[in-house]
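Visitor: Construct the complete structure from the given sequences, taking the supplied hints into account.
If you want the building blocks of each chain, they are given just below.
2 protein chains.
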Amino acid sequence: MIVGIVGLGLMGGSLGLALRSVPQVNRVVGYDRNPHHSAEALERRLVDAIVSWEELKRCDVIFLAIPVEGIIKALHDLTDIPPRTTIIDLGSTKAKIVDNIPPKIRKNVVPAHPMTGTEKFGPSAALANLYRDKIVVLCDLEKSGELQRETAKALFKAIGMKIVTMDAHEHDRHAAYISHLPHAISYALANAVMAQEDAENILILAAGGFRDMSRLAKSSPIMWEEIFKQNRGHLLEAMDHFEEELRVCRALIMGEKWEDLRNWMEEAQKLHDIL
Amino acid sequence: MIVGIVGLGLMGGSLGLALRSVPQVNRVVGYDRNPHHSAEALERRLVDAIVSWEELKRCDVIFLAIPVEGIIKALHDLTDIPPRTTIIDLGSTKAKIVDNIPPKIRKNVVPAHPMTGTEKFGPSAALANLYRDKIVVLCDLEKSGELQRETAKALFKAIGMKIVTMDAHEHDRHAAYISHLPHAISYALANAVMAQEDAENILILAAGGFRDMSRLAKSSPIMWEEIFKQNRGHLLEAMDHFEEELRVCRALIMGEKWEDLRNWMEEAQKLHDIL
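Read top to bottom, the protein sequences are chains A and B.
Following our numbering, the numbering of the first sequence begins with 5 at its first residue and continues without gaps.
Following our numbering, the numbering of the second sequence begins with 5 at its first residue and continues without gaps.
Quick caveat, the hints were computed from the structure, so don't treat them as lab data.
If chains are identical, the list can't say which one is meant, so a pair holds when it fits in one copy or spans any two.
Below are the DSS-like pairs computed for lysine-lysine, each with C-alpha atoms no more than 30 Å apart in a straight line:
(1) Lys77 - Lys261
(2) Lys124 - Lys166
(3) Lys222 - Lys124
(4) Lys261 - Lys222
(5) Lys100 - Lys166
(6) Lys157 - Lys100
(7) Lys100 - Lys261
(8) Lys166 - Lys77
(9) Lys261 - Lys233
(10) Lys147 - Lys111
(11) Lys124 - Lys261
(12) Lys138 - Lys124
Guide: Okay, here's the thing in structure tokens:
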């Protein structure tokens, strides 16, 4: 099986590294609009070769590891692939993608979202074990062809992922809470500190807790602008719920209702019984 | 030098482990109101022995690794220590402590806040390297005796800490941003998800980012209720600034001002040039 990866950054590059040790994958080729990324991906041996768009179309499986707008554009440039080709997109929001798959290749496409990543980006950020033991969400699977479904499942399993299936809209609502809201919060926390006159003195004191909470604010603003745009409705809804909880917390502190505050914190701790 | 530690949880227990490999420390003894903690600390060899309060008073250095209210009470029970004794408290907020040190032993006391910890608590959470390469803030040092100042500095350096000095009130304002606000946010995020009908389904998707952001919400509500209480003013001020940033973020998303949103995120990224 020959696998092509479009986009050789953190997600695509790490995928290349992982797929190259999968027995049923004979060759992993890459495509990236950015020639520096292509050269770096080759140098780091994330893929076996860099190919043209026409060569890419002849792969058995094509992964789209690029932002959502790019995925939609790429799908429209892939409508002449053979019927047995599998296209797997790794977009962070899924509703807009599934709503824009050209009908002619609907069965070829398996919309996927691997729940993994780091705040880093580009080929130099690639990690061989980024996907291992992580969840991948496959969306609207009943609309993909059987061959494509099974191919996608087999490849994700082969790189050590656990598969969860979900409706694309449900995915986006969940992702708003689990990923997009935390990013918005992390950026807001970083900005709240940076807006202080003595930000540098404050940051001297930063320990593990603050570092964890502000880490997501290192993420690419270009990428996150797009994600916030695509999942605007769900994100605003999740922000509503978060702000409501923060208002509860503030009101309890303002009103010095310490026992109620403790109960509220104990409620929050229950999350970790599930997680 | 004989060192006594009051409170054998995460902070005190880890300190015992660290101090026992410091050459100038001959013996580390512990005191904990909770007999289970005392027994567990001995079993885990966090201290060499458990002592009575009267024996504790004869130590050269006494660390108070207990909550702030307990520290204030303990200081009032230590007014009959010899003049050369050093008392080092590790309270998370400092203003209330420095305002309540009995004048008779003011020179004996060095108020300190090690900027380290984990969300775990109790003797079983103790780690030998919890303090290594971390910052410790020493407050209002000019009010401590010279012997006590130098003793505290030497011990913190011996366990690998970097010393920063600061006014107690300034410390509390900074700590509100760097530690207390992140905890309030983490509890609020956890509660926002837990309040959803399908919280369990949402949490299936939790990856590293969400885990980092919700980790602090595992912290002890009893301990954090007290910290929020003591630093109420500064915390509310920090919450104001955070909520204001979140409002900016929301307004930009609502108004679909994507370029401004990107600029706002780029501003946040600058934090990591300092951190």
